[in-house]
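Throw the hints in and build the complete structure from the sequences for me.
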Amino acid sequence: MRNRNLRFVELSLSRRRLLAGAASLSFAAIAGGALSRVQAAPRIAITEGSFQPMPIALPDFLGGSSGDSELARSITQVVAADLRRSGLFAPIDPAAYIERIVNTDAVPRFADWRAINAQALVTGRLTRQSDGRLKSEFRLWDVFAGQQLIGQQYFTTPDNWRRVAHIISDAIYERLTGEKGYFDTRIVFVDETGPRERRVKRLAIMDQDGAGVRYLTRGEDLVLTPRFNPSTQEITYMSYGQGDPRVYLLNIETGQREIVGNFPGMTFAPRFSPDGQRVIMSLQQGGNANLFVMDLRSKTTTRLTDTAAIDTAPCYSPDGQQICFESDRGGTQQIYIVAAGGGAAQRISFGSGSYSTPVWSPRGDAIAFTKRGQGTFGIGVIKPDGSGERLLTEGYHNEGPTWAPNGRVLAFFRDPGGNSGPSLFTVDVTGRNEQRIPAPSYASDPAWSPLLS
Amino acid sequence: MKNGLTISVMAHAAVLLWAVVSFAPRTLNAPPSESMPIDIISTTEFSQLRAGARNAPKTETPKPLVEKVAEKKAADDPIAKIVQKPELITASAQVPPPAADAKPEPKSKAAENKDPKPDPKTDAIADVLKKEQKPEPKKEAKPQPKKPDKPQPKFDANRIAALLDKRDPQRVAAAGDVVNHTLAFGARTGDAPTLSQSEIDAFRQRLKSCWTPPAGAPNADRIKVPITIRLKLDRTLAAPPEVEMRASDPYTQAMIESAVRAIIQCQPYTMFSVPRYEIWKELPLSFDPVEMFGGG
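These protein sequences, in sequence, are chains L and E. This note's numbering applies: residue 1 is where the first sequence begins, and numbers increase by one. This note's numbering applies: residue 1 is where the second sequence begins, and numbers increase by one.
No lab work stands behind these hints, which were simulated from the structure alone. Honestly, I wouldn't trust all of these hints.
In silico lysine-lysine, DSSO-like type, Cα no more than 30 Å apart, as pairs [stated by the list, open to error]:
| # | chain 1 | residue 1 | chain 2 | residue 2 |
| --- | --- | --- | --- | --- |
| 1 | L | K180 | E | K208 |
| 2 | E | K208 | E | K224 |
| 3 | E | K281 | E | K68 |
| 4 | L | K180 | L | K135 |
| 5 | E | K281 | L | K383 |
| 6 | E | K208 | E | K281 |
| 7 | E | K232 | E | K208 |
| 8 | L | K180 | E | K72 |
| 9 | E | K224 | E | K281 |
None of the values given here were measured: they were computed from a predicted structure.
Listed below in structure tokens is the structure:
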């Protein structure tokens, strides 16, 4: 009897203990959960900023002798102009500087630069070496964090000072924005002079800031649509010599010129593949046009599309796997994508109006095009899957977009009509910062070179 | 009997079949409602959460303002007998002159009312009241001949000066144990342990004016930078901002640097109040530019 009672008591105690243990466990779990949730405070989300150009201070580079100081000042001015024209930087007026830099190896007084609100500071020095070369060095400082970001030096002949300035601008741009620069590049274009009815068109090349213009043809033949090779300093262009349009391949450094082929009925010069070994073009046969790929060394052509429509203006993707082109097989001119080996083409643009001259961005994330509709022309971009279409600029006769090698800036030409002629413009891929490129005369059909270095 | 049974069974079966067929199950339309996560904790847990841990590191807490060390005064002996009863002076004995016009009649009435009912316990008070009853009629007589044409009490702006406290302004220095010039008051454990929405909004607005994210990255809208900042009492940074991620590519590096620059440039953060220092001395932030790149 007693044993049974004891056993009964033991059982109930153990059950009670079990229940108590479970309850305390659950309380502990809940409390622990609550405690941990309280300790991990939610992060304050900062979601808004402003797209303002970064204030940057560029005191004149130091030079050894007086002649070098003049050169140093010119280099500083080219760097400041490059950064200002990109729309992402705002060089501060040198009159506002408080500290005077006399030694580029010393740490600057950051408090002085913070006082004028400079977020970055560039100091530099030029020294002439014993063999006549110029040594240019610069340091980029983060003023608010109080530390150096980059320090580089370059050796070059004194005539190449403009290129050194552009290389320095590229280094600064890359470090502060994270994107590759585009200042050490050139633009080849068609220079137009004379009255509208009898324009003289010459092929010309200049630095992307408009300096150093050089003419590549003499102007006897009509030249159109130069295209840059993405890997070498070669261009193709079309020349209407004795009636028939010919495609030429010109090496800019050596000046060597060769004929790629004789293509009757062609309207656009071919474009290079990313490896520079092939060109893709559109050839007209009868009432329709199709895409062909030609190997530059062997000169063999392979057909890519075979439709009854007009397929033209083809362009390779940066990885060489796909080709975008314009076609009117759907009724209006729209943009299509096809695999580089051929196959079914996929339409990606569906807006009203006609789309032409598609160009694939070197970053691969967008395709630029010319859109014509409702009496206006516009330059726009669209993602390769067809989404995110937007117009960057609109007006009468904007045409011919070409990408800077970092995929951030586009150049195009605009012809206002009437008695004047076309001019070259650049615009940022966000649609802001439209700038005119100064050229000696009217200019059209720009093509942006890859980075020279 | 059998017929009736079969008919009944078949009728029941028919009704049931009809019911099954016609009453088609309809799905319950439960509109999705916003669910709120709820924790259930006991009151002891709650107070323990707020009290903090016993072995937590000591932190800097705001102390009350002290401008001079207090002089030590001997406390009154609390157990001594009260031998002297101080004379009681009631407030009504010091009626200000301009109010005497209005006050005498109701006051005298009140005094008369109190008269017939003397409270035997509060003798002192009754005595004083009797005393002031006598000067009342005298006061009544005096003000009236002075200002015979004075109507019922009206607010007279000129008399405000007479109502003002004419004592010299004295600011008594705050006295305490240890001199501390930083002003801080209020309970150390306030009952709002989080930042208010207006403080958060002011902080975000401030950073909006300083932050310029690099715009051109192909995936700029997907880069989020988690940073924790520590502030001192004067609302400036106590240490460089701690970035809690490592840059994997140049775009992320540029985004991180832009956020750090913005934080350093935007000091001091004056929207925070000193008494609530415990709440804002360490702030976890997340720089997320996704809304700025809505256009792609």
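These are the hints, each one checked on the structure:
Only pairs whose Cα atoms come within 30 Å are accepted, and L:K180 paired with E:K208 is accepted, the gap being roughly 26 Å. Of the supplied pair hints, the one linking E:K208 and E:K224 holds, its CA atoms being roughly 16 Å apart against a limit of 30 Å. For a cut-off of 30 Å, the pair hint linking E:K281 to E:K68 stands: about 28 Å separates their Cα positions. Between L:K180 and L:K135, the direct Cα distance comes to roughly 23 Å. Compliance with the 30 Å bound is thereby established for this hinted pair.
For the suggested pair E:K281 and L:K383, the alpha carbons sit about 44 Å apart, so the restraint of at most 30 Å is broken. Taking the CA atoms of E:K208 and E:K281, the gap is near 20 Å; set against the 30 Å cutoff, the hint holds. With a CA separation close to 22 Å, the supplied pair E:K232 and E:K208 stays within the 30 Å bound. For the proposed pair L:K180 and E:K72, the alpha carbon gap of about 73 Å is over 30 Å, so the pair is violated.
A C-alpha spacing of about 22 Å is found between E:K224 and E:K281, which places the hinted pair at or below 30 Å, so the restraint holds.
Checked against the numbered hints given earlier, this structure breaks hints 5, 8; the rest are met.
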